[in-house]
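S.K.: Now for the letters of each chain:
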Amino acid sequence: MLTLTGKSVFSGVAIGPIQFYKRPENIIKRYHIEDIPAEKKRFEDAKATALQQLHELYERALGEVGEGGAMIFEIHQMMLEDLDYCDSICNIIESQKLNAEYAVGTTSDNFSAVFAAMDDPYMQGRAADVRDVSERVLGILTGVSASTAGLTAPAIIAADDLAPSETVQLDKSKVLGFITRRGSASSHTAILARTMGIPAVVNAGDALDESFDGHTAIIDGFSGTVYIDPDPETERLLREKKRQDEERRALLLELRGEENITLDGRRIQVYANIGSPADVGAVLQNDAGGIGLFRSEFLYLESDNFPSEEQQFAAYRRVAETMAGKKVIIRTLDIGADKKADYFGLEPEDNPALGYRAIRICLTRPEIFKTQLRAICRASAFGKLAVMFPMIASLSELQQSKAILAEVQEELRSEGLPFDPSLETGIMIETPAAALISEQLAKEADFFSVGTNDLTQYTLACDRQNQKLEPFLDPHHPAILRLIKLAADNAHREGKWIGICGELGADPALTELFLAMGIDELSVSPAMVLPLRKRIRSADLHKLSPELLAPYQL
Amino acid sequence: MKEFSYVITDREGIHARPAGLLVKEANRFASSITLAKGDKTGDAKRIFAVMGLAAKKGETLTVTVEGSDEAEAAAAIESFLKENL
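Protein chains in written order, with the numbering used here: chain A, 7 to 560; chain B, 6 to 90.
Bear in mind the hints are in silico, worked out from the structure with no lab data behind them.
Glycine residues also receive a C-beta, built at the ideal position from the N, C-alpha and C atoms.
Below, a sample of chain A positions facing chain B; criterion: calculated Cβ distance under 8 angstroms:
1. 77
2. 84
3. 88
4. 91
5. 117
6. 128
7. 129
8. 309
9. 310
Below, a list of computed lysine to aspartate or glutamate pairs in the DMTMM-like style, where the Cα atoms sit at most 25 angstroms apart:
10. B:62 x A:303
11. A:13 x A:219
12. B:87 x A:303
Negatives, chain B to chain A, calculated, CB over 10 angstroms:
13. 6
14. 7
15. 9
16. 35
17. 37
18. 42
19. 71
20. 76
21. 85
Turn these sequences into a full structure, and let the hints guide you.
M.R.: Next up, the structure:
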């Protein structure tokens with residue numbers, strides 16, 4: 007058995023015989039030509055055929071993986087039509103009286119070398135696109151077609167690297183998975199494989215030798231491992247992993263539309279976190295009950311000036327309408343610390359995580375805050391919105407924020423603009439201070455949402471940007487769980503609800519504890535919604551609650 | 006002749022997709038459209054030239070537009086940059 011390790015691009019297990027991808031070899035001959043116009047016409051004809059093929063590939067990819075994945079073939083068409091590229095080819099034909107194949111090959115080498123020499127890894131990767139386009143033209147010129155993969159039976163495809171055009175042309179009913187010696191997980195090929203849902207490992211190294219053609223291999227896309235000629239025990243384990251994975255996928259499909267209810271009948275809301283309106287599709291697809299955290303920073307970070315009320319209104323309204331009556335909680339501006347936009351003119355700070363950020367900016371620059379609150383209130387007329395203030399550390403910060411909100415609503419009322427007067431107003435619990443005074447805050451806020459990432463950082467005095475501190479940044483620390491329990495008890499005492507929207511909400515090791523604490527809502531990334539539902543549906547709190555809660559009673 | 010500057014705010018800079026879209030947009034116009042980053046310049050209608058600038062977040066592009074439809078072209082390119090980069 008030979009074990010190779012590479013980078014996984016899609017988690018899943020594939021088992022089958024290896025088939026090496028045979029790329030038709032275009033051996034480029036160099037010879038002198040006499041008839042320059044005829045040779046240029048050979049190139050132009052080949053180019054026209056290649057453009058037609060790329061157009062067909064684009065249409066095909068559009069149907070299989072959507073516009074984002076298909077765009078690469080449109081870019082390939084542009085590369086082929088690029089004047090500098092074509093001028094270089096024609097120039098070699100004309101000035102050196104050399105054949106079209108040689109001219110294309112040399113131009114390909116030169117242009118890909120320019121990308122390969124750039125200091126940015128993404129741009130270096132584009133050298134492969136130049137070669138892919140050029141190979142296509144060469145294949146047409148030499149009459150060796152590159153368009154058939156020639157697969158007869160289901161197999162795991164092995165190759166040095168696969169071009170995006172080769173990946174999309176693979177017959178999906180016969181490709182079990184693929185392994186490449188080189189390639190990166192961020193290449194267009196990897197992205198296509200991921201979208202097509204094919205288990206794949208790239209950059210597996212030179213030990214992937216052609217002598218293994220026909221041998222049995224197993225791809226473990228969870229760990230990025232490939233086993234060639236697996237021993238019986240490995241095969242048994244991986245077949246079991248494959249079975250579990252398939253079962254899990256099937257189960258998740260089955261769980262769509264089911265309730266988030268424990269065995270002993272406790273219900274909890276499972277919502278999703280999003281960073282832009284583009285994520286709403288994933289929210290609906292994964293059957294989330296609402297959006298528990300809509301980060302509004304994208305509007306500020308993707309812009310080179312303060313986004314206008316109209317721009318913000320359009321984005322919030324779109325999400326409110328798409329969610330069609332399901333709750334959408336918009337967190338107001340959380341700029342500062344690691345999220346910066348130049349036009350805010352924020353001065354560099356020695357200690358940005360403890361610095362001028364989030365609600366602190368909003369309360370000192372109310373004009374920015376009011377624009378956002380106006381947009382949120384106006385959008386509230388088009389769905390079920392709620393607003394949430396980040397980084398609250400004192401009661402007066404919440405009271406000031408609510409006063410500004412009330413002012414904005416009064417303005418809208420006098421302007422005759424519609425809004426939802428019952429808009430829920432909540433706060434993030436992400437400073438230890440907020441958790442400790444949650445008794446007072448619960449009287450003023452409609453709900454709490456625990457931001458566990460910052461709560462962990464501030465409680466443990468551990469900068470979450472500093473990788474060296476990772477061993478110390480323990481989100482399971484009893485101090486954090488006690489603070490969450492305290493906030494939950496205080497919220498419930500006032501008849502308010504509490505959710506968790508940080509990464510901890512998706513941690514399966516804590517699901518039962520959160521349920522036992524009485525957490526009302528968990529908001530997680532869209533892909534985690536159904537796994538979390540499964541976890542909830544298999545929990546039985548009757549038996550567990552007292553022993554789970556004992557360490558956190560105050 | 007029209008000229009304006011734009012500072013890239015997109016985290017990934019001019020990578021293949023926006024470069025492709027920019028070339029498409031530039032080709033709608035008759036005017037010549039030149040992008041400059043520092044002392045490097047490139048024709049906005051040619052994808053290799055645009056990608057070759059390797060312009061990243063925080064870097065300034067100077068756009069020069071010259072031709073019969075320069076006013077319209079400059080406005081279109083400027084709004085394209087704001088929306089996509």
